[in-house]
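FYI, the numbering for the sequence shown is 483 to 574, going by the numbering used here.
Just so you know, these hints were derived from the structure itself, not from any lab.
Watch out, some of these pointers could steer you wrong.
[Said to hold, decoys possible] Computed list of lysine-lysine pairs in DSS-like fashion (alpha-carbon distance at most 30 Å, straight line): (1) K518 to K538; (2) K491 to K562; (3) K518 to K562; (4) K544 to K518; (5) K491 to K538; (6) K491 to K544; (7) K538 to K562; (8) K562 to K544; (9) K491 to K561; (10) K518 to K491; (11) K518 to K561; (12) K544 to K561; (13) K561 to K538.
[Claimed, not checked] Between beta-carbon pairs, the in silico distance windows are: (14) S488 to D552: 32 to 38 Å; (15) I511 to S489: 15 to 21 Å; (16) D552 to N529: 32 to 38 Å; (17) L506 to D566: 19 to 25 Å; (18) T515 to P554: 27 to 33 Å; (19) L496 to E517: 33 to 39 Å; (20) I525 to P556: 28 to 34 Å; (21) T498 to N521: 17 to 23 Å; (22) D552 to T532: 18 to 24 Å; (23) T541 to E517: 29 to 35 Å; (24) G499 to E570: 33 to 39 Å.
We put the beta carbon where it would ideally sit given N, CA and C, even for glycine.
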Amino acid sequence: MSQIMSSEKETLALLTGIFHTQLLTMNIIHCDTQEKMMNMLRIQGRNDWTTEQILKLATDNKIEWVQGSDDPTPHNTYKKQMNDRLAEILRG
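Can you make the complete structure from the sequences, with help from the hints?
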């Protein structure tokens with residue numbers, strides 16, 4: 483069980499870093515389909531990540547998103563909106 487939790491923590495940390503970089507470079511706007519998003523995540527993260535795995539993390543609102551310092555949106559709202567959008571893309 484602790485190995486699963488450790489693996490999930492590692493995945494979440496990697497995802498946060500990947501999405502932070504993608505937002506900074508604005509490359510994420512090109513990942514507007516399930517295929518494009520998962521290709522980017524597998525290249526930047528782990529090749530063995532599945533759509534279902536990432537979708538579950540997004541649906542459960544577990545992925546942390548780095549928010550711009552001038553964004554007035556409450557962080558929990560921002561996080562939920564970003565995870566919801568990611569889930570929408572991954573559902574196709």
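Comparing the hints with the structure gives:
1. K518 to K538: Cα-Cα ~18 Å, so holds.
2. K491 to K562: Measuring from Cα to Cα gives roughly 18 Å; hence the hint holds.
3. K518 to K562: 21 Å, holds
4. K544 to K518: Roughly 21 Å separates the two Cα atoms, so the pair holds.
5. K491 to K538: 14 Å, holds
6. K491 to K544: 10 Å, holds
7. K538 to K562: 13 Å, holds
8. K562 to K544: 9 Å, holds
9. K491 to K561: Distance ~17 Å between K491 and K561 Cα, so the pair holds.
10. K518 to K491: 24 Å, holds
11. K518 to K561: 21 Å, holds
12. K544 to K561: Status holds; Cα separation ~9 Å.
13. K561 to K538: Satisfied, since the Cα-Cα distance of roughly 15 Å is no more than 30 Å.
14. S488 to D552: 32 to 38 Å: 35 Å, holds
15. I511 to S489: 15 to 21 Å: 29 Å, violated
16. D552 to N529: 32 to 38 Å: Since the Cβ atoms of D552 and N529 sit about 36 Å apart, the hinted range of 32 to 38 Å holds.
17. L506 to D566: 19 to 25 Å: Distance hint for L506, D566 holds at roughly 21 Å.
18. T515 to P554: 27 to 33 Å: Holds, at about 30 Å.
19. L496 to E517: 33 to 39 Å: At roughly 20 Å between Cβ atoms, E517 and L496 fall outside 33 to 39 Å, so the hint is violated.
20. I525 to P556: 28 to 34 Å: 32 Å, holds
21. T498 to N521: 17 to 23 Å: Given about 19 Å between the Cβ atoms, the range holds.
22. D552 to T532: 18 to 24 Å: Given about 35 Å between the Cβ atoms, the range is violated.
23. T541 to E517: 29 to 35 Å: Since the Cβ atoms of T541 and E517 sit about 19 Å apart, the hinted range of 29 to 35 Å is violated.
24. G499 to E570: 33 to 39 Å: Violated - the Cβ-Cβ distance for G499 and E570, about 22 Å, lies outside 33 to 39 Å.
When each numbered hint is compared with the structure, violations occur for hints 15, 19, 22, 23 and 24.
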